[in-house]
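S.K.: So the chains spell out like this:
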Amino acid sequence: MSRPDPRDPRDPGVPDGLERFLREQDARPALRFLTCGSVDDGKSTLIGRLLYDSKLLFDDQLRALEADSKATGSGEGGLDFALLVDGLQAEREQSITIDVAYRYFATAKRRFIVADTPGHEQYTRNMATGASTASLAVLLVDARRGVQTQTRRHSYIVRWLGIRHVVLAVNKMDLVEFSAERFDEIVRDYDEIAGQLRFDSMQCIPVSGRHGDNVFDRSAKTPWYAGPPLMQYLEEIDVAPDPAHQPLRLPVQWVSRPNQDFRGFCGRIASGAVRRGDSVAVFPSGRATKVARVVTAAGDAESAASGQSVTLTLEDEIDISRGDVIAAGEAPIVADQLAAHILWMDEEPLMPGRQYLMKCGASATRASISTLKYRIDVDTLFHEAAKTLALNEIGVVTLSTEKPVVCDPYERSRECGGFILIDLFSNRTVGAGTIDFALRRATNVRWQKIEVDKASRARLKKQKPVVLWFTGLSGAGKSTIADALERQLTGLGQHTYLLDGDNLRHGLNRDLGFTPEARVENVRRVAEVARLFVDAGLIVLAALISPFRSEREMARHLFETGEFIEIYVSTPIAECERRDAKGLYKKARAGAIPNFTGISSPYEPPESPEFTLDTTEIGAVAAAEEIVHFLRRNGYI
Amino acid sequence: MQLSHLDTLEAEGIHILREVAAEFSKPVLLYSIGKDSSVLLHLSLKAFAPAPPPFSLLHVDTTWKFREMIAFRDQRARELGLDLIVHTNPEGLARGVNPFDHGSALHTDIMKTQGLRQAIDKHGFDAAIGGARRDEEKSRAKERIFSHRNSTHRWEPKSQRPELWSLYNTRLAAHESMRIFPLSNWTELDVWHYILRESIPVVPLYFAARRPVVERDGTLIMVDDERLPLRPGEKPQLRSVRFRTLGCYPLTGAIESTAETLLDVLAEMTASRVSERQGRVIDRDQSASMEKKKQEGYF
Numbered sequence: 000m001s002r003p004d005p006r007d008p009r010d011p012g013v014p015d016g017l018e019r020f021l022r023e024q025d026a027r028p029a030l031r032f033l034t035c036g037s038v039d040d041g042k043s044t045l046i047g048r049l050l051y052d053s054k055l056l057f058d059d060q061l062r063a064l065e066a067d068s069k070a071t072g073s074g075e076g077g078l079d080f081a082l083l084v085d086g087l088q089a090e091r092e093q094s095i096t097i098d099v100a101y102r103y104f105a106t107a108k109r110r111f112i113v114a115d116t117p118g119h120e121q122y123t124r125n126m127a128t129g130a131s132t133a134s135l136a137v138l139l140v141d142a143r144r145g146v147q148t149q150t151r152r153h154s155y156i157v158r159w160l161g162i163r164h165v166v167l168a169v170n171k172m173d174l175v176e177f178s179a180e181r182f183d184e185i186v187r188d189y190d191e192i193a194g195q196l197r198f199d200s201m202q203c204i205p206v207s208g209r210h211g212d213n214v215f216d217r218s219a220k221t222p223w224y225a226g227p228p229l230m231q232y233l234e235e236i237d238v239a240p241d242p243a244h245q246p247l248r249l250p251v252q253w254v255s256r257p258n259q260d261f262r263g264f265c266g267r268i269a270s271g272a273v274r275r276g277d278s279v280a281v282f283p284s285g286r287a288t289k290v291a292r293v294v295t296a297a298g299d300a301e302s303a304a305s306g307q308s309v310t311l312t313l314e315d316e317i318d319i320s321r322g323d324v325i326a327a328g329e330a331p332i333v334a335d336q337l338a339a340h341i342l343w344m345d346e347e348p349l350m351p352g353r354q355y356l357m358k359c360g361a362s363a364t365r366a367s368i369s370t371l372k373y374r375i376d377v378d379t380l381f382h383e384a385a386k387t388l389a390l391n392e393i394g395v396v397t398l399s400t401e402k403p404v405v406c407d408p409y410e411r412s413r414e415c416g417g418f419i420l421i422d423l424f425s426n427r428t429v430g431a432g433t434i435d436f437a438l439r440r441a442t443n444v445r446w447q448k449i450e451v452d453k454a455s456r457a458r459l460k461k462q463k464p465v466v467l468w469f470t471g472l473s474g475a476g477k478s479t480i481a482d483a484l485e486r487q488l489t490g491l492g493q494h495t496y497l498l499d500g501d502n503l504r505h506g507l508n509r510d511l512g513f514t515p516e517a518r519v520e521n522v523r524r525v526a527e528v529a530r531l532f533v534d535a536g537l538i539v540l541a542a543l544i545s546p547f548r549s550e551r552e553m554a555r556h557l558f559e560t561g562e563f564i565e566i567y568v569s570t571p572i573a574e575c576e577r578r579d580a581k582g583l584y585k586k587a588r589a590g591a592i593p594n595f596t597g598i599s600s601p602y603e604p605p606e607s608p609e610f611t612l613d614t615t616e617i618g619a620v621a622a623a624e625e626i627v628h629f630l631r632r633n634g635y636i
Numbered sequence: 000m001q002l003s004h005l006d007t008l009e010a011e012g013i014h015i016l017r018e019v020a021a022e023f024s025k026p027v028l029l030y031s032i033g034k035d036s037s038v039l040l041h042l043s044l045k046a047f048a049p050a051p052p053p054f055s056l057l058h059v060d061t062t063w064k065f066r067e068m069i070a071f072r073d074q075r076a077r078e079l080g081l082d083l084i085v086h087t088n089p090e091g092l093a094r095g096v097n098p099f100d101h102g103s104a105l106h107t108d109i110m111k112t113q114g115l116r117q118a119i120d121k122h123g124f125d126a127a128i129g130g131a132r133r134d135e136e137k138s139r140a141k142e143r144i145f146s147h148r149n150s151t152h153r154w155e156p157k158s159q160r161p162e163l164w165s166l167y168n169t170r171l172a173a174h175e176s177m178r179i180f181p182l183s184n185w186t187e188l189d190v191w192h193y194i195l196r197e198s199i200p201v202v203p204l205y206f207a208a209r210r211p212v213v214e215r216d217g218t219l220i221m222v223d224d225e226r227l228p229l230r231p232g233e234k235p236q237l238r239s240v241r242f243r244t245l246g247c248y249p250l251t252g253a254i255e256s257t258a259e260t261l262l263d264v265l266a267e268m269t270a271s272r273v274s275e276r277q278g279r280v281i282d283r284d285q286s287a288s289m290e291k292k293k294q295e296g297y298f
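Which chain is which? The protein sequence lines are A and G, in order. FYI, numbering that gives the first Met the number 0 numbers position 526 of the first sequence as 525, with every residue one higher than the one before it. FYI, numbering that gives the first Met the number 0 numbers position 202 of the second sequence as 201, with every residue one higher than the one before it.
Mixed in with the good hints, there may be bad ones.
Footprint (simulated), chain G over chain A, 3 or more residues, beta carbon under 8 Å [said to hold, decoys possible]:
#	segment
1	20 to 31
2	216 to 230
3	252 to 266
4	527 to 534
5	619 to 633
None of these hints come from the bench; they were simulated from the model. Every residue gets a Cβ at the ideal spot worked out from N, C-alpha and C, and that includes glycine.
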């Protein structure tokens with residue numbers, strides 16, 4: 000039996016610097032990146048080139064490469080570096096990449112784990128697999144063909160999956176005579192895409208994977224390129240997430256009970272840190288306790304940090320099982336209704352309403368898609384109405400879960416905000432998703448319990464609280480109808496409040512402009528305020544353009560069934576423009592108002608509003624009377 | 000604070016092992032006695048401490064392993080008080096299957112691949128944990144950490160389940176099983192560096208010593224017992240050799256080396272020009288041979 004006997008590093012027999020080399024290699028975690036882009040952009044070839052130039056290929060691997068290159072004939076007499084990574088027989092035969100391959104290499108400065116992902120659209124799910132654990136993407140573009148659909152698609156997917164750093168490698172520069180003009184043209188095209196996606200960093204590099212230009216060393220053929228070669232850039236870039244104090248999240252994987260005296264909760268710390276004696280709470284129950292011990296195989300530790308697999312014991316006897324989350328700081332989401340993005344990964348399309356098994360953190364619960372809000376056209380980023388999602392399509396959905404899920408928004412935590420869906424019959428992994436936020440009935444356990452509730456407040460006012468949400472173009476007559484309606488309702492002794500979009504922009508929403516993002520936030524705030532007023536027992540009239548379907552749906556989700564009445568004021572744009580009471584259309588036509596709904600910004604009409612009112616057909620007072628009638632008939636007043 | 004590289008790999012390995020324990024009804028650790036198995040066993044001890052690992056160890060014995068491997072195996076199991084199951088394919092044994100008369104491919108198939116399948120079926124294991132790494136070989140680089148096997152133990156490379164984040168699909172239909180590779184993201188260098196850091200015991204064959212070897216088709220084969228038939232003119236010589244991988248001794252090539260300690264081994268490896276699988280006779284048939292063997296249920 001040989002116990003290892005690490006030699007004294009000062010021993011002259013040990014090669015100089017080995018220990019220092021090992022220490023330096025160990026000091027920082029590997030940079031995980033993926034290569035993606037269209038078919039035949041040369042992803043595998045580039046990785047093969049990286050391995051070859053970093054002298055990481057062994058002699059026997061080189062000999063095999065030479066033989067394989069000859070056998071397939073794809074190297075055109077030279078070496079076909081793609082054969083180093085395309086590991087499946089079918090891949091080598093067809094000269095394509097089907098599945099993601101992971102390669103490991105190191106330079107003197109850094110270790111790397113690279114995921115080589117397929118370019119074919121039909122294998123997008125394998126590309127997403129590679130992206131889910133990477134922190135940087137090397138996106139390849141063939142210099143001859145420029146930015147393609149897959150370039151856009153992959154850019155969107157990597158950004159969606161939380162990658163904030165991207166390298167645009169304009170490959171095959173040798174085939175365009177290393178033209179600076181061509182490179183600049185492609186960079187300009189890509190800037191447009193990157194601008195929409197807001198990466199933290201982006202670097203464009205002209206390369207030739209086949210000949211090695213600007214891969215390891217700066218190429219003499221691109222004197223016009225002042226930036227670093229690819230390898231140098233990868234060695235130096237800092238992708239470490241903001242270490243600002245993240246709240247503790249420890250999804251419990253396993254409860255260890257070797258005897259009656261020990262109950263340990265095992266898991267990997269997804270974020271934050273934990274110290275002996277820390278106050279923590281266990282979710283979904285929300286029970287508070289303190290950390291008694293941080294147990295390791297080598298004895299107790301004082302603390303543990305994000306990324307470590309630990310075992311904790313707690314001061315109080317709390318019932319905790321697999322899937323619970325030990326947390327500190329800001330409470331996680333605990334909800335059974337969640338808004339999420341989903342990538343569909345199965346041949347059989349998504350079925351809204353069908354139950355799937357949802358795995359998130361260490362928990363598993365049945366879940367169904369209660370609403371498919373829209374599909375995202377990843378080429379244009381437009382939202383499209385959809386009844387289902389087919390293979391490789393991305394959509395925004397409402398997820399209803401059987402048990403409340405403990406999670407965080409994905410943008411805050413990859414580990415606690417990502418989930419997969421598994422088909423209960425085929426057992427295939429059919430979907431991957433990211434949590435956006437919790438919807439109504441979010442049973443956040445930290446809520447203060449209040450004795451007087453909505454029902455008792457409403458009883459006092461002798462009405463059923465409701466929000467009447469008026470949507471339509473500027474000048475359609477929303478405020479005029481709402482004003483007439485409020486006068487009629489107060490005349491009947493009802494308790495109301497009118498939230499007018501224009502008026503709110505003088506106060507609550509003073510800081511918001513008219514870009515799509517600001518409009519989304521505008522609607523969100525008004526919806527939240529409306530929810531408070533409905534909770535107060537009021538009949539709320541909200542009159543604002545609210546041009547996007549998804550945000551009106553989001554607003555609807557904040558309310559219980561029957562509490563949200565959508566009223567579409569459908570006056571045609573020609574009529575609105577003719578009236579132009581505020582002179583806005585004139586200005587917008589003159590180009591003085593950017594993002595004007597109906598002219599330079601889209602309006603998405605409701606698909607099934609409770610009411611549609613066209614003011615060219617009905618006057619404001621008559622319209623208000625019709626709504627009063629509706630409220631009576633349905634027992635609101 | 001950022002975790003170091005080895006700390007990150009260790010945490011990932013432990014996370015995977017705990018997932019296996021939590022999600023399967025009868026998992027087993029496939030213990031092949033080599034350095035990767037040693038690391039796997041070490042991680043298992045760490046993952047569940049102070050409790051013992053909640054699974055048994057299984058060794059599929061072809062009866063052609065180095066004697067030192069078997070001695071090491073039995074001693075480790077005894078020291079740690081672990082439940083060790085040893086399985087040898089009884090039909091193969093009865094028919095005297097060996098690497099010489101039957102060739103390396105058939106021997107490996109019957110004694111290793113078929114033997115493993117028998118053991119999994121016999122004991123009803125639904126999950127088998129192995130020490131394979133993606134950096135070993137091209138088709139391994141494509142394999143998932145949780146690798147699904149159908150009811151006939153086959154791997155279907157074209158219909159692998161997408162594996163995002165660290166969320167693993169562990170669902171199985173009747174008679175299906177899972178192979179799990181917690182060391183997927185480790186390299187050979189990581190394994191040795193970790194063995195050094197954690198002082199993990201390994202079989203002495205990994206360190207250089209004077210051993211009796213014969214040179215055969217460019218490979219140094221150790222004469223571990225009298226069953227190795229010597230070809231005409233072959234005469235065992237004592238040479239200073241060691242092994243980078245361990246398997247059946249007639250199929251495992253030694254390398255000439257003077258690396259007697261872990262640091263020597265690490266130094267030799269960082270300077271090496273050949274890959275670790277180079278010493279494996281069974282991989283040489285053709286480029287895709289590993290993929291084929293894996294489809295048939297080889298680990």
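S.K.: Hint by hint, note whether the structure agrees.
M.R.: Here's how the hints hold up against the structure:
no., hint, verdict
1, 20 to 31, "holds (count 8)"
2, 216 to 230, "violated (count 0)"
3, 252 to 266, "holds (count 9)"
4, 527 to 534, "violated (count 0)"
5, 619 to 633, "violated (count 0)"
Going down the numbered hints, you'll see the structure goes against 2, 4 and 5, while the others check out.
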